[in-house]
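A.B. asks: Protein chains in written order, with the numbering used here: chain A, 1116 to 1678; chain B, 187 to 403.
Cβ-to-Cβ under 7 Å is the rule here; a few derived chain B residues that face chain A:
id : residue
1  : Ile-213
2  : Leu-220
3  : Leu-225
4  : Thr-228
5  : Leu-333
Calculated directly from the structure, the hints in this document are not laboratory data. In this text the structure is predicted, and so the values were computed from the model without any measurement. Backbone N, C-alpha and C define an ideal beta-carbon position, used for all residues, glycine too.
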Amino acid sequence: MSATMSTTPPQSPGYQLPKEHYLNATYGIRSWLLTTDHKRIALLYLASVTFFFFVGGIFATMIRIHLLTPQGYLVTPETYNKLFTMHGVAMIFFFLIPSIPAVLGNFLIPLMIGAKDVAFPKLNLLSWYIYITGGCFVLYSFATGGLDTGWTFYTPLSSVYSNSAVTPAILGIFINGFSSILTGLNFVVTIHTMRAPGMTWFRLPLFVWAQYSTSIIFILGTPVIAITLLLAGLERMFHLGFFNPALGGDPILFQHLFWFYSHPAVYIMILPAMGVVSEIIPTFARKPIFGYTFIAASSIAIAVIGFFVWAHHMFLTGESTYAALAFSLLSYLVAIPSAVKVFNWTSTLYKGSISYDTPMLYALGFIGLFLIGGLTGLFLACLGLDIHIHDTYFVVAHFHYIMVGGAVMGYVGGLHFWWPKITGKIYPEFLARLAAVILFIGFNLTFFPQFILGYLGMPRRYHDYPPEFQVLNVMSTAGASILALGYLLPMLYLTWSMRYGKVAGPNPWPATGLEWRTPSPPPTENFEVTPVVNWEPYDYKNRPDLGLATPTAPTLAPAHGDD
Amino acid sequence: MHRTGELSGQFQTLEQQKDSATLGMWIFLATEILFFGGLFLTYTINRHTYASMFAEASRTLDLKLGGFNTVVLIGSSLTMAMAVWSAQVGKKKLVTLFLILTLLLGCVFLGVKAIEYKQKFDENHVPGLNFQFEKNADQATNAHAQLFFSLYFGMTGLHALHMVIGAGLLVWLIKQSMAGRFTPQYNTPVENVGLYWHFVDIVWIYLFPLLYLIDRH
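Isolated chain A (complex conformation) (with noise of 0.2 Å):
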């Protein structure tokens, strides 16, 4: 593999920033609340789901510090509790869930596919106010008697057992279920509808599938997660019966309901995380992707067979064997579509001409965690090993690779990456590349070693722990806060470059997306005029506007004469 060094992007100083674009047309404080421009919803969600992303962090930052010693160092058992619940609430549902498709998807698709906007801007919009609306609520759980279900609400602790402030976070999360739904709604109609002349299916960027899949999710999954939740709601507050076995319920079938969509939910997640590496990878290599079509299809794949796995979170809560068995098959297959991307992002570097720019750290640092975490989750599909890790670290550890070293990584790689066309500023390149391993080595020491305490025997969910589990707990601790420099710093560095960064230009890295093709930050209408595609994704030979020196060619040959 050859691989070069060089990296500053080739910014040329001339460039300037375009005399009138997006953030610039009009000014003044409803014209961001009033906005139909998908750039500035994005921008909206970019500020909340970071507002969400620091309250989940303060939480996980409380958690770190009371297990540092065994009898439990901060809290008591009960604020704990409400501590790992509201740490998940946060997380998943406010920060990870719209995180890259409601920030990154809202500011590139219609860009990507040569579209003034999404097809519905107002819903777009009013998809914002729902997801603050539901946000409100949530904190309101929290700042009144807190939460302490677990974010998974099972009944009936959540609808009958316990004293927190329950009934506002699911009406919170039922209303913040419609912001999903909408954006995916939207997402789809869009790429459907409102393709560029040219643009055909199989020359959409492969993050635009991503998406595709990841709506088709939203659409299908989270109706089902909210007439869930408002069973349960209604349950607690009107004393029903449906998950009660006292009154007759099934508290199985509350779990069925729920992973039937919070398992999906996991692959709403990592989907466009995926997407993102799917455009940075062939960007840094400049190479076109490997496998265009399997790479998309994949995606497609693992939104499919995410629909038929869901009870593999339940093998020890009372189903059938033989279900057992079928959704243990049914979750090894999600693996199939998982490694063709993997093996398609590596067959794509091989042989390329490879930069180690700041998202291309991170795409990297995606496809290292990615694997591990996705392995993990092999031997938790595994019927008898799952015995034995179910409900320990070894599950926190697993989920935290997919959706910390998956999802979060893609998030800020892509976050870099499409900086200098959200912005028109390039960060600073040194700082970025410090975070990005900061991030890495922060994360791995933080969740490595839980892997460990969860095979020895660590349940996950206690505020206290066997001494001889203090050492891995105080790595796991230090590591935490290694990572949390690892977020502070990408704040601190983008929103000082936002004012103070070089100027970026239309195409700083060069990417071969449309996207790249009009000017940063693009103007409110996005094209000045409606663009034609006549070329196909990722052809970094095809493209002498790209301006790269020399094409392919020499990089093409073998850097060593046995590769």
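With chain A held as given, fit chain B onto it using these hints.
C.D. replies: Below, chain B without anything else, positioned relative to chain A:
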């Protein structure tokens, strides 16, 4: 404002706008199926577990009112379909007439539903409000009958909520129709509200036998 419907800024052509709106409505209806789906699943499992109790509880529902409402709703679907047809062929006055008829039939349905709810309220069959299935019914009977009535109120309540929203949409359509907005070139709102109305109708076509006709043959 253009008489034949205006083109929103994000679209290039009216055709694209129409395709988007129609696709959007179909996808919305797909989410609705999944939304009701959770309730139908809960119903199915409980009816399977407590078959005889569900049959017994079902018999306390008023078959005449339920049947009448079914006919009313199917009739409203007919008038809705007529409204869509009238819009497509450009009979502007008929559009308004059929939309008003649809709205009236929808209101009749909701009125009858309210009467049925009132009956159940008087019989102490509303879950959570001093529920008592029969005099001296034991705890298990009460609990299982309450499951049936929770589902009855949950499913018909959610359906009625959709009817109320549909009625609101009809009022909005009637206003525009009276202003002569709908033409053979531009009638997507009528078509899409029509799709929604038929969907809500179809949900009832399933609800009626599931709730009213369990053991009446």
